[in-house]
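Chain order of the listed sequences is A and B. By the count of full-length UniProt numbering, the first sequence reaches residue 215 at its end, each step adding exactly one. By the count of full-length UniProt numbering, the second sequence reaches residue 215 at its end, each step adding exactly one.
Hints were generated in silico from the structure; no laboratory data involved. This structure is a prediction, so every number in the text was calculated from the model and none was measured. One or more hints might be untrue.
When chains are identical, the list treats them as one kind, so a pair holds in a single copy or across two.
Claimed, not checked - Here are the computed lysine to aspartate or glutamate pairs in the DMTMM-like style, where the Cα-Cα straight-line distance is at most 25 Å:
#, residue 1, residue 2
1, K42, E167
2, K42, D55
3, K42, D203
4, K42, E114
Protein chains: 2
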Amino acid sequence: MLRARALQLAQPDEAGSTEVTALNALEQLIDALRGLPGVGQKSAQRMAYHLLQHDREAALRLSTALAAAAERVQQCERCHSFSEARICALCEDATRDARLLCVVETPADQAAMERTGSYRGYYFVLQGRVSPLDGIGARELGVAQLLERAADGQVEEVILATSFTAEGEVTAHVLSETLKARGLRATRLARGVPVGSELEYVDLGTIAHALVDRR
Amino acid sequence: MLRARALQLAQPDEAGSTEVTALNALEQLIDALRGLPGVGQKSAQRMAYHLLQHDREAALRLSTALAAAAERVQQCERCHSFSEARICALCEDATRDARLLCVVETPADQAAMERTGSYRGYYFVLQGRVSPLDGIGARELGVAQLLERAADGQVEEVILATSFTAEGEVTAHVLSETLKARGLRATRLARGVPVGSELEYVDLGTIAHALVDRR
Chain A
1 MLRARALQLA QPDEAGSTEV TALNALEQLI DALRGLPGVG QKSAQRMAYH
51 LLQHDREAAL RLSTALAAAA ERVQQCERCH SFSEARICAL CEDATRDARL
101 LCVVETPADQ AAMERTGSYR GYYFVLQGRV SPLDGIGARE LGVAQLLERA
151 ADGQVEEVIL ATSFTAEGEV TAHVLSETLK ARGLRATRLA RGVPVGSELE
201 YVDLGTIAHA LVDRR
Chain B
1 MLRARALQLA QPDEAGSTEV TALNALEQLI DALRGLPGVG QKSAQRMAYH
51 LLQHDREAAL RLSTALAAAA ERVQQCERCH SFSEARICAL CEDATRDARL
101 LCVVETPADQ AAMERTGSYR GYYFVLQGRV SPLDGIGARE LGVAQLLERA
151 ADGQVEEVIL ATSFTAEGEV TAHVLSETLK ARGLRATRLA RGVPVGSELE
201 YVDLGTIAHA LVDRR
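With the sequences and hints as input, model every part of the structure.
Here it is in structure tokens:
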């Protein structure tokens, strides 16, 4: 059976593999694995060899999951987080506190926030953070949509939970000024979060503490 | 059969997505990424968020590369290394020295050997190494095929380049005895390779030196 498949697979060469197959399937896989963050040539090679030698099922499962996620996962129209539906499950959840809106930089930050279990309001996920050098200003972050979302008549407080890095601080400052100019109340997570760290990697106790101490 | 399973996995929507989709596309992706060696929950999450937020093209490229490699990459019938054709390019290369046959544990070890640039013979890739506890003996390693390959009338020397770990040493010993019993000359890489290390990760100079010092 292996032989039969090998024979069968050996034939596609006729069609159009004249130049494309210069980089073969294994090399293409190693190359594609390097597209993952934190994966270099050595790790990519190790991953490819492992999958092909011991776990082709895992390779196929990952292939399917990647295609499905890339196709299906979009942005929630209300909070801009990842969602497969037009409006995400969290935004649809009527039991949450509509008076609170928490602004985070990424879906990963939102997930960390959720895992603390100490926040019951809604979210707004920015498209990153202010970074003048990369040409990312308030407009690119979707501040207009944030203002629109915050002005729904129910939100009483916007909690700025951007990272405590220089860029995150600038982002929080810009948002705070903008929100206050519209008469909205903006608070910032308490400074219990270690300065210079990414929110995503802070331990949950610290995040929960900073949430209580917000000012 | 592999292909059938891929198709089956690609269309889970119709059949039973009612309950299966409790785990959504994002969670499934994170789960599948954990199938990669050396990737835990945190890394998988980071990879998934990165791909979805910044690089969906890389996600699709990886998806395609995984499916293609899992389907196309098979074992070369002669050396048992990875190959898309029935016989791999290296085995087809008539300019190599047919008097030398190098036995390695994995395709990754073969790749390391090739990168030294100091070996011009052919290869035979074992299916692993002798490991009594896992029920892997000489038969499972394809020793019969190795003997057949080595007895082609051209091979004068079989170089045993299994790892210098306990299991690799046992494998080399078993192979050496078997080959000598058939009147074939078997040599071992010189002990310049640090004991206890995997061949794949040894620096190339050391491998090249050990190749020259083989006995």
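Here is what the structure says about each hint:
In this assembly of identical chains, the alpha carbons of K42 and E167 lie at most 25 Å apart only when taken from different copies (24 Å versus 33 Å within one copy). Taking the shortest alpha-carbon separations for K42 and D55, both the intra-copy value of 19 Å and the inter-copy value of 21 Å come in at or below 25 Å. Taking the shortest Cα distances, K42 and D203 sit within 25 Å of each other only across copies (13 Å), while inside one copy they are farther apart (30 Å). In this homomeric assembly, K42 and E114 come within 25 Å of each other (Cα to Cα) only across copies, at 15 Å, whereas the closest approach inside a single copy is 35 Å.
Comparing the model with each numbered hint stated earlier shows that all of them hold.
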